[in-house]
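Given the sequences, and given the hints that come with them, work out the whole structure.
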Amino acid sequence: MNTHQRPILFLLCMLLSLSASHFEADATLTEKQVTYTVEATLDSLDRLINQRYIYTRQKEKQIQEIKLRLRNKLSPEERFRTLGYLVDAYRAFSIDSQAVYVKRQIELSNKLNNNDLQIQAQLNLVECFYNSGMYKEANELLEKMGRKRLPSYILPYYYHLKRTLYGLLADYSLQPDIRDNYTKQLNLYRDSILQVNSPSSFTYCVVKSDELTARHDYAQALQILRERLAQDDLNSHDRGIIYYCMAEIFAQTQQSDSTKIYYALSAQCDLKASVREYVSLHRLAEQLFHEGDIERAYAYIKCSVEDAKACNARVRSLEFMPVFTIIEEVYQAQIQKQKALSITFTYITCAFCVILLITFVILFFQNHKLNSVKEKLNQTNKHLQTVNNSLIESNHVKEEYLSRYMDQCAVYIDKMDDYRRSLNKLASMGKVEELAKNLKSQNIINNERRMFYAEFDQSFLKLYPDFVKKFNELLVPEARITPKPNSLTPELRIYALVRLGTTDSVKIARFLCYSLSTIYNYRVKIRNSAIGSRDDFEERVMHL
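What the sequence shown shows, in mature numbering (1 follows the signal peptide of the UniProt record, and there is no 0), is residues -22 to -1, 1 to 522, in sequence order.
Source of the hints: derived by calculation from the structure; they are not laboratory data.
A virtual CB, placed ideally from N, CA and C, is assigned to each residue, including glycine.
Be aware that a few hints might be false.
[As the list claims (entries may be wrong)] No farther apart than 27 Å at their CA atoms in a straight line, the calculated lysine-lysine pairs in the BS3-like style are these:
#1 Lys415 - Lys448
#2 Lys45 - Lys89
#3 Lys186 - Lys162
#4 Lys51 - Lys39
#5 Lys287 - Lys37
#6 Lys462 - Lys448
#7 Lys122 - Lys162
#8 Lys485 - Lys440
#9 Lys360 - Lys347
#10 Lys89 - Lys122
#11 Lys485 - Lys503
#12 Lys162 - Lys114
#13 Lys287 - Lys114
#14 Lys81 - Lys39
#15 Lys448 - Lys360
#16 Lys280 - Lys37
#17 Lys462 - Lys447
#18 Lys126 - Lys81
#19 Lys287 - Lys45
#20 Lys485 - Lys462
#21 Lys415 - Lys403
#22 Lys403 - Lys448
#23 Lys45 - Lys81
#24 Lys280 - Lys317
#25 Lys114 - Lys126
#26 Lys415 - Lys447
#27 Lys287 - Lys317
#28 Lys503 - Lys447
#29 Lys39 - Lys287
#30 Lys162 - Lys126
[What the hints assert, rightly or not] Pair by pair, the computed Cβ-Cβ distance ranges are:
#31 His268 - Asp195: 22 to 28 Å
#32 Met299 - Asn92: 39 to 45 Å
#33 Leu355 - Thr480: 51 to 57 Å
#34 Glu517 - Ile333: 55 to 61 Å
Here it is as structure tokens:
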């Protein structure tokens, strides 16, 4: 944008603030001082572009709240002011919607026959004509209104619109003499703006800095802007405008990094305010494109075009499209080049993958063989461990039984010797009848048998303390056996012998002094109460 086009930026009333105290450089800012801050500012701008939908929603909510006021019962003047709020809200956000509410202002002012309100509404319509490229209609309306009919408080806005009109006409003029004429008119209305505004006002500051910039007095122009930027009364909209003015000065003084910083700061204000008709981001995209940052330039110009279309800013869209087309072509060419490199890299990667796959297959089969050998060794070790445990258990049982057998034999020898002595004593004393009675009596045998079974029970339960519990788990609940503590029932003794390896019923009958049929009946009864198969019941008992 040249110096004539800058005035229209002052009309963007939706810019929001962005704190930039650490970016406020002067005209002598060096490249070394801003090397890091450029990237930081652009990174922040990238994040805002990706999140601009958030601010759009906030803007729409704000507009909706203003619209709700129109539903209330308002006086004509209050309704006109509320329509004015909507005109301001839609400015640079939706040009068509802005025009709708400007027309409502015109209708209401005509209905009220209020000259001041009619003038305000018509000046707002002139602005809509600018945004739509209707410069001829805008000029005719301004000429029809006439400066002398305007109230003094409207003159700053009127002069501003006239200055903007001649700036736009100068920008789009092809003949030098006509352009020079428009430029003279622009300068005259710029002087008029300075005359009707207070030197302490923001408008005066910005227009004065623009005048100084046009005279190439950049240092003084920056000084005025920096001083105004430092004042506490500066709102966010004014701060965004100052950022753009400073960026334009840095651009004309060939300070590339400073220019990018302040264009980016101004663009951030645009995005946060949901301004869709802007210039800063477009200018930044052009500069980055010329410096070779194609990816960012494409992202920024694409965002600019999308927002201009959403705003229906036809003039701005036409201005952006040539640059957008050039950047897009270069960007697409870069993408194609990257795709070609990516394909080449993919082929190389695939070749490495095939080699790795072959290596993996070879290693897999070798590893499979090793695992097979390892598995066989593990199985052999487990089998050996099982056999070893079995041998240890068997040796333990043998040792226990051998010890108890030796103790029992010694006890029985002592008892037999005592019994022999008692009989010999009776015989020596001539007590033949008592001797005969003792020889016929079964009491001693029965007592010894009970003691033998008790000893067997205790020994067996000591060796296999969980035998009764596990044995009952093999039986249905109603057939389970609950013996007395440290003793076994006849059925349990039979299967205790089975667990010890004695499965012959004849041997079991002889051991327990039962008849063979009794042993058989016990075994059949228990097998019939077994859970699961009866055929392998005793085999399962042997593994308890």
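Hints versus structure:
{"no.": "1", "hint": "Lys415 - Lys448", "verdict": "violated, 47 Å"}
{"no.": "2", "hint": "Lys45 - Lys89", "verdict": "holds, 21 Å"}
{"no.": "3", "hint": "Lys186 - Lys162", "verdict": "holds, 16 Å"}
{"no.": "4", "hint": "Lys51 - Lys39", "verdict": "holds, 21 Å"}
{"no.": "5", "hint": "Lys287 - Lys37", "verdict": "holds, 17 Å"}
{"no.": "6", "hint": "Lys462 - Lys448", "verdict": "holds, 16 Å"}
{"no.": "7", "hint": "Lys122 - Lys162", "verdict": "holds, 21 Å"}
{"no.": "8", "hint": "Lys485 - Lys440", "verdict": "holds, 23 Å"}
{"no.": "9", "hint": "Lys360 - Lys347", "verdict": "holds, 20 Å"}
{"no.": "10", "hint": "Lys89 - Lys122", "verdict": "holds, 20 Å"}
{"no.": "11", "hint": "Lys485 - Lys503", "verdict": "holds, 19 Å"}
{"no.": "12", "hint": "Lys162 - Lys114", "verdict": "holds, 19 Å"}
{"no.": "13", "hint": "Lys287 - Lys114", "verdict": "holds, 23 Å"}
{"no.": "14", "hint": "Lys81 - Lys39", "verdict": "holds, 23 Å"}
{"no.": "15", "hint": "Lys448 - Lys360", "verdict": "holds, 24 Å"}
{"no.": "16", "hint": "Lys280 - Lys37", "verdict": "holds, 21 Å"}
{"no.": "17", "hint": "Lys462 - Lys447", "verdict": "holds, 13 Å"}
{"no.": "18", "hint": "Lys126 - Lys81", "verdict": "holds, 24 Å"}
{"no.": "19", "hint": "Lys287 - Lys45", "verdict": "holds, 24 Å"}
{"no.": "20", "hint": "Lys485 - Lys462", "verdict": "holds, 25 Å"}
{"no.": "21", "hint": "Lys415 - Lys403", "verdict": "holds, 14 Å"}
{"no.": "22", "hint": "Lys403 - Lys448", "verdict": "violated, 51 Å"}
{"no.": "23", "hint": "Lys45 - Lys81", "verdict": "holds, 16 Å"}
{"no.": "24", "hint": "Lys280 - Lys317", "verdict": "holds, 21 Å"}
{"no.": "25", "hint": "Lys114 - Lys126", "verdict": "holds, 21 Å"}
{"no.": "26", "hint": "Lys415 - Lys447", "verdict": "violated, 45 Å"}
{"no.": "27", "hint": "Lys287 - Lys317", "verdict": "violated, 30 Å"}
{"no.": "28", "hint": "Lys503 - Lys447", "verdict": "holds, 18 Å"}
{"no.": "29", "hint": "Lys39 - Lys287", "verdict": "holds, 21 Å"}
{"no.": "30", "hint": "Lys162 - Lys126", "verdict": "holds, 21 Å"}
{"no.": "31", "hint": "His268 - Asp195: 22 to 28 Å", "verdict": "holds, 27 Å"}
{"no.": "32", "hint": "Met299 - Asn92: 39 to 45 Å", "verdict": "holds, 42 Å"}
{"no.": "33", "hint": "Leu355 - Thr480: 51 to 57 Å", "verdict": "violated, 37 Å"}
{"no.": "34", "hint": "Glu517 - Ile333: 55 to 61 Å", "verdict": "holds, 57 Å"}
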